[in-house]
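Asker: Protein sequences appear in the order of chains A and B.
Going by numbering that gives the first Met the number 0, the first sequence opens with residue 0, and the numbers climb by one from there.
Going by numbering that gives the first Met the number 0, the second sequence opens with residue 0, and the numbers climb by one from there.
Each hint should be verified, as a subset may be incorrect.
[Claimed, not checked] In silico DSS-like pairs for lysine-lysine, Cα to Cα no more than 27 Å straight-line: (1) K17/A <-> K1/A; (2) K9/B <-> K17/A; (3) K70/B <-> K70/A; (4) K104/B <-> K3/A; (5) K70/B <-> K55/A; (6) K55/A <-> K14/B; (7) K14/A <-> K55/B; (8) K55/A <-> K3/B; (9) K55/A <-> K40/B; (10) K70/A <-> K40/B; (11) K104/A <-> K9/A; (12) K104/A <-> K40/B; (13) K104/A <-> K14/B; (14) K40/B <-> K17/A; (15) K9/B <-> K14/A; (16) K17/B <-> K40/B; (17) K17/A <-> K14/B; (18) K40/B <-> K1/B; (19) K1/B <-> K70/B; (20) K40/A <-> K1/A; (21) K70/A <-> K17/A; (22) K17/B <-> K70/A; (23) K9/A <-> K17/B.
Worth flagging that the hints you see were computed from the coordinates, not collected in a lab.
As the structure is a prediction and not an experimental result, all values here were calculated from the model.
2 protein chains.
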Amino acid sequence: MKIKVFDQVKLQPDKLAKIALTGTERFQLDLYCVAPGQAQKPHIHDAQDKVYYVLKGAGRFSLAGREETLKEGEALVAPAGVEHGLENVGPDPLLILVLVAPPPKH
Amino acid sequence: MKIKVFDQVKLQPDKLAKIALTGTERFQLDLYCVAPGQAQKPHIHDAQDKVYYVLKGAGRFSLAGREETLKEGEALVAPAGVEHGLENVGPDPLLILVLVAPPPKH
């Protein structure tokens, strides 16, 4: 039943890898594996809150137009309605635990 | 706006320290700091899902009567209605990122 998060790491050459780890009707937990230079463009969720928690590496995150650099052990919340995005501007892979509540509808 | 999770670590001699990191109407994110020998007794939330993610150390978690040992980098989901608890049976402090969705009502 437990999830070994680092066993799920997978870097993709063409774009950020978004790996679904687990979820319920109340939340979704993803792992983002971001190679140097890869990014997720700023975007908005109308009815979902998102939390980023950086597991490895560092990245430049945008939140409501402001930029923050986050590294291992740091977290950031993007509430519903607030534009957010990220970019790996460092030399190492950026691994992020990403919680979305409630889960996005498909 | 960012949260430096490890700056929030605080061990209490008498019981597990539950530190509120952040939250919205959709989720709550806590840091549990569990000294060796400390535990959270098995309990049930009727309408909240919980995710544990172990940041440091190792612990014995119970989920629906089964036991799992989790260490750094491992996660476990306790869905609403399922009994769950934990104990630090190791020699080192156990630090856990704990997500609850939606947040518990007070």
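Asker: Now, for every hint given, state plainly whether the structure supports it.
Answerer: These are the hints, each one checked on the structure:
1. With a CA separation close to 19 Å, the supplied pair K17/A and K1/A stays within the 27 Å bound.
2. For a cut-off of 27 Å, the pair hint linking K9/B to K17/A is broken: about 33 Å separates their Cα positions.
3. Proposed proximity of K70/B and K70/A is supported: the alpha carbons are some 21 Å apart, at most 27 Å.
4. As the CA atoms of K104/B and K3/A are separated by approximately 30 Å, the hinted pair breaks the 27 Å bound.
5. Taking the CA atoms of K70/B and K55/A, the gap is about 17 Å. The hint holds against a cut of 27 Å.
6. As the CA atoms of K55/A and K14/B are separated by approximately 30 Å, the hinted pair breaks the 27 Å bound.
7. With a C-alpha separation of about 30 Å, the suggested pair K14/A and K55/B falls outside the 27 Å cut-off, and the hint is violated.
8. Using a Cα cut-off of 27 Å, the hinted pair K55/A and K3/B holds, with the two alpha carbons roughly 14 Å apart.
9. Proximity of K55/A to K40/B is assessed by CA-CA distance (about 32 Å); at most 27 Å being required, the pair is judged violated.
10. Restraint check for K70/A and K40/B: not satisfied, since their Cα atoms lie roughly 33 Å apart, outside the 27 Å limit.
11. The suggested pairing of K104/A with K9/A holds, with an alpha-carbon distance near 24 Å, which does not exceed 27 Å.
12. Restraint check: the Cα-Cα separation between K104/A and K40/B comes to about 35 Å, which exceeds 27 Å; the hinted pair is violated.
13. At most 27 Å may separate the alpha-carbon atoms for a hinted pair to count; K104/A and K14/B exceed this at roughly 40 Å.
14. Restraint check: the Cα-Cα separation between K40/B and K17/A comes to about 34 Å, which exceeds 27 Å; the hinted pair is violated.
15. For the hint linking K9/B to K14/A, the alpha-carbon distance of about 38 Å lies beyond 27 Å, and the restraint is violated.
16. Note on K17/B and K40/B: the hinted pairing holds, with a Cα-Cα distance of about 14 Å set against a maximum of 27 Å.
17. Pair hint K17/A plus K14/B does not hold up; C-alpha atoms about 37 Å apart against a cutoff of 27 Å.
18. With a C-alpha separation of about 31 Å, the suggested pairing of K40/B with K1/B is violated against the 27 Å cut-off.
19. About 25 Å separates the Cα atoms of K1/B and K70/B, which keeps this hinted pair within 27 Å; it holds.
20. With a CA separation close to 31 Å, the supplied pair K40/A and K1/A exceeds the 27 Å bound.
21. The straight-line distance between the Cα atoms of K70/A and K17/A is roughly 19 Å, inside the 27 Å bound, and the hint therefore holds.
22. Among the hinted pairs, K17/B with K70/A is consistent with the structure: their alpha-carbon atoms are about 23 Å apart, no more than 27 Å.
23. Among the hinted pairs, K9/A with K17/B is inconsistent with the structure: their alpha-carbon atoms are about 33 Å apart, more than 27 Å.
The structure fails hints 2, 4, 6, 7, 9, 10, 12, 13, 14, 15, 17, 18, 20 and 23 (numbered hints given earlier, in ascending order).
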